[in-house]
Every structure is written in C-alpha cells, then in structure tokens.
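Undergrad: Each chain, letter by letter, is given below.
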Amino acid sequence: MSIKTAAVTGNEAASYALRQINPDVVAAYPITPQTELVQSFSEYVADGLVDTELITVESEHSAMSACVGAAAAGGRVMTATSANGLALMFEILFIAASNKLPIVMPVVNRALSGPINIHCDHGDTMAARDAGWIQIYSENAQEVYDNLIQAIRIAENMKVRLPVMVMFDGFIISHGIERVDYLDDATVRNFIGTYQPNHPLLDIDKPLTFGPLDLYDYYFEHKRQQAEDIKNSKPIILDVAREFKEISAREYGLFESYHLDDAETAIVVLSSAAGTAKAVVDELRDRGRKVGLLKPRVFRPFPYIEIAQALSHLKAIAILDRSVSFGSFGGPLFTEIRSAMVEFKKIPENFNIIFGLGGRDINEQDITGIYNQLDEVVKSGKVKERVQYLGVRD
Amino acid sequence: MNAIKKKGWKEIPKGGLILEAGNSEQYETGSWRSQRPVWDEQKCTHCMICWVYCPDSSIIVEEGRVKGIDYKHCKGCGICAAECPTKAIAMKDENEFREKEGV
Chain A
-1 MSIKTAAVTG NEAASYALRQ INPDVVAAYP ITPQTELVQS FSEYVADGLV DTELITVESE
59 HSAMSACVGA AAAGGRVMTA TSANGLALMF EILFIAASNK LPIVMPVVNR ALSGPINIHC
119 DHGDTMAARD AGWIQIYSEN AQEVYDNLIQ AIRIAENMKV RLPVMVMFDG FIISHGIERV
179 DYLDDATVRN FIGTYQPNHP LLDIDKPLTF GPLDLYDYYF EHKRQQAEDI KNSKPIILDV
239 AREFKEISAR EYGLFESYHL DDAETAIVVL SSAAGTAKAV VDELRDRGRK VGLLKPRVFR
299 PFPYIEIAQA LSHLKAIAIL DRSVSFGSFG GPLFTEIRSA MVEFKKIPEN FNIIFGLGGR
359 DINEQDITGI YNQLDEVVKS GKVKERVQYL GVRD
Chain B
117 MNAIKKKGWK EIPKGGLILE AGNSEQYETG SWRSQRPVWD EQKCTHCMIC WVYCPDSSII
177 VEEGRVKGID YKHCKGCGIC AAECPTKAIA MKDENEFREK EGV
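Chains as they are written, first to last, in the working numbering: chain A, -1 to 392; chain B, 117 to 219.
Bear in mind the hints are in silico, worked out from the structure with no lab data behind them.
Among the clues, some could well be false.
Within a straight-line C-alpha distance of at most 35 Å, the following computed DSBU-like cross-link-like pairs (lysine-lysine) qualify [claimed, not checked]:
| id | chain 1 | residue 1 | chain 2 | residue 2 |
| --- | --- | --- | --- | --- |
| 1 | B | K121 | A | K221 |
| 2 | A | K204 | B | K130 |
| 3 | A | K232 | A | K221 |
| 4 | A | K221 | B | K159 |
| 5 | A | K229 | B | K123 |
| 6 | B | K159 | B | K208 |
| 7 | B | K208 | B | K122 |
| 8 | A | K229 | A | K157 |
| 9 | A | K232 | B | K123 |
| 10 | A | K232 | B | K216 |
| 11 | B | K216 | B | K123 |
| 12 | A | K221 | A | K343 |
Predicted, not measured: the structure shown is a model, and the values here were computed from it.
In isolation and in its complexed conformation, chain B is listed as follows:
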C-alpha cells in the first residue's frame, strides 16, 4: 500500500474542521496496520462471517462472494482471522509487505 500524499499546513481547513459530510472513506486508516490479514481464496467458503464482523467494512464483496480485503482502510485488528471457520485468513507481519512494497 502506498502512503497517501498528505497536505501541508497552508492547504488544509483551519481549526481542524472537516468541511464536507460523508468523507471518512478518504481517511486511509490502513496506515495504522501492524498485522495484515491475508485471504486464501481456496479455503474460503464465502460464508460472510468476516464481512459481518469487520468493524471497518474492509471485506470486499461482489455478488455475494468475497473478493479480497480493502487494505486502504483495514486497521489489522484480526477479528476476521479469529472468526473465520475455515482459517482462510492469516495475520502476517505488515513489515514483510512494506519492505517488499517499498513503503
């Protein structure tokens, strides 16, 4: 995951105000993650338990099937991995990926 370009002090609204509603998606909480959930499509039964439990709506689902994980917003809490009945999600050290991805 690439870090989003952060704005300078002259570019942002004063007083910490957020001037539009409904923009929490733009805040990429994925940068907080120290453990990364890695999804194994082979083991997944698409039971949707991870989707129900994920507190950050970071399980990507299309037409009733899990498609992957939204790493821009996943904070790495590990609930999905803990709840998955088929152990299709494994938590890995984020550093392994960051070195590879050059972040």
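If we strip away everything but chain A, and leave its shape as in the complex, we get:
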C-alpha cells in the first residue's frame, strides 16, 4: 500500500476517486459548483485512464434517467450534481432508489433557486432526504474521497443495494485546495471489488421486468422493503468503515464526536462548518471550557438512537442547520435530533440555529457566540428563542 499526498480541490479529490472506481457508465450534466468534478473526470476518459462510457446528456433529468437505465442493465454507475440539477433529477431519484439500483452520486451542496445563488447551503440534498437514497455528508476533501470509495461498497452490498449520495460543501470544499492522501489504484480496486448486479436487464437468458405498474395491492409492500433495506444499511456502513480503516488508517462512523464525552455543552453541525467548530472547541478547551461537537456523517439512514445517546449527557446543545424547512418546527437536523431525544428520559436544553444560507459565512466568532449562548442557557435554564437565524440582518 502506497499513499500519494496531493494538494487538490474537493472536486478533484472526487474525480480522482471516480477514476479509481472506474465506473462502467457516468451520465452527467454540468452545473456550478459540480462542473469541475465531471470536467476533470472527462479528462481521465479522454486520456484512456478509465473504461467508463461517459454520456453527456442534455439535462439532469436525463442524466439520472440514463443512470437508472445503465444500472438496471447491470453496470456500475455514477453521476454528480448540485442544487437545481438535483432538483431536476428529483423524479428519477425515487425511481433509482425504489428499483434498488446502487448508483453513487457526489452532490456538491449549493443553494436552490430562487433568487438564483451558486453558493453553499444544504437545501438541495435536504429536499431530497426522503427519496430513499443513503446520504453521507463530508467535512473536507479527504472525507469526500474516502466517503466516495466507501459509498460504492455500501451501495453494492447485497443487503443494501441502494443508491448513495456523498455530499460536500459547494466552493468551500469543492473549490478550496486541501491536502488529500490518496490510496493507490490497486488498493482501491481491491477494496471495492467487482460489481455483481442482482438482476441485470442485459442477461438475456433471464428476461425480467423493471418498473411495472404496482398498485394498492403491492406498492405498499415494496415501500416497506425499502424502509427495511435503508434501515439495515446502518451496520453495513459501519462494517465498510472498519474495513476502510484497515487500508487507510482513517476512522469513520455514523457520526463523529469531538471532545464530546466530558463536555457539558455541544454544537451539532454537518460538513465543513464542523471543521470551523472544531477549531473553536480547541480554543475554548484551552481556556478550560467543557465544550464539544457532534458532526453527523450519515443523515439517511438517520442514526437517531446513536446520536440521541451520544448527546444525552449534555446540559445544552445547539443544532445547526444549513437549510430551512419552510413552515416546519425547525431545520431538518434539529427536528430529527429533537424527536430522537424523546427516547431518553433526560433531554438536554436545546435550540436550533439556521445558518449559512446561500453561502453566508459562519466564522469562529459566530460559533464562539453559540457556545456562549449555550452557557447562558445552562445558567438560566431557559431558551430564549428556539429557532434562530444566525447573521440575518433585521
């Protein structure tokens, strides 16, 4: 096993993973900030470094449709998108999942229109959270690379056979240059193995039907199967992480805890903002404050009991959502975690912070302010405002 260290953007790290995975088919349409990812992969195709059939389709609806067709045919299939592109795929996302097609798709998180905005928030993938895909959020370029390789194994596991989205923050990660340790090609290819499709349409000796009419007499049973399969992916995700650690020495779980065990207060936040929050935790810990962080990695299936358990000893928590669920009680992460905490008798004081929409920065001062607010909540036992919008001008 040799390791190559590179200074690359998140998009380049993703396309490097795609090259090593060497999918049979990639069908994609360019959209900012994903464009560079597929552009860089198309160079690998042009240079003959992969065997992939790259289909340059006319829209994301076609991209995901081509992926469904290619995956049903029996191929290992990938694509990539962002924001409005994901929205245009919406109809086919459900079809990919319900047909049990293990397509793997990096999604570079970007705000949905309108008004039109190209910068990061999680509104796009949060809107797709009930499509039946496994959803894995990445903090940095290294995690993008690692999660994509693991996603192939998770998606293709016989007990799972579901599509997987791997998310990372638009521009912040997709275009920022970071250090990434790459595994060598042979190690990655040995890790992911050869894909064995369950029921390939191209197996002409065994003709079968994909996507038949499924009415009130069986549709519900098929949805019940999907609910079970995505639930059962949880131990598989952990198994794959354990095996991945053996080849990479990097550790993954359903979520990451950072100085959480002896903490009194904590922030819960996804993706790149967790990196900023870790720097704040370090600084506050140096000053003797018992603060911690929980960064969910897997959002679907939501590890509700594990996360609620990991937070149960805290006095107060702030749950940060980089998306808004209009008309709901709070952001998607907040409502999931708050409802999961009911499983335990003692519920920490809690509030929700909606932040960073349309690429609005969240900095160390903002996060320090949230930890200060948590201290006030612990002192007074009162939450002033349950759902707050960070940094919005009045």
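Based on the hints, put chain B in the right spot on chain A.
TA: Only chain B this time, still in chain A's reference frame:
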C-alpha cells in the same frame, strides 16, 4: 370469485421486479370489477363479437362456441354487453354477487 392470497413484503422480489416473462395471467384483474357481465346461453348465437371486442381476452371459447366469462381477469368494462347483437350479456352490480359469494 375468491380474492387471491397476496404475498407479504418479505416474500416478493425487491424493487417491484417481475422475475419471469409471460406471467400477466397470474395477475387477477377481476378484483377491479364493479360491474359483472352475465352471459345468457339461450340468447347467445356464438357470433364471437364479444370475443373480438374483449380487451382482456376474458371470453372463454371452446371449439368455436362461447362457454362463459373468465371472472378472474374480466375488469367489467362492459364492451361485450354493449356490442352483443342479441343482448345475451347483461351488466350487473358486482356487489350482488360479492354478498352472495361472501367475498
């Protein structure tokens, strides 16, 4: 007509796949019917117009003569009754039969 025993979610192929070809006969669309065609053998001239028009191949014919209607697959569309030149087929409310048959 008795309802077919439906399988549970653990017993059926995943993803809604149908794993063999040519099995649409096993899907008993007769359960969709709200009107039942009732055939009167006395009035029937075996002209085969119902057989030609039936979109679900539910007119049972043996040796060139109508023998009855396949209620497992007839959806009750009523085309046979509408087209029959001798009014040998009458459409009746399915509920009358279901009460009697205990379905």
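Undergrad: Of the hints stated earlier, which fail here?
TA: Violated hints: 4, 10; rest satisfied.
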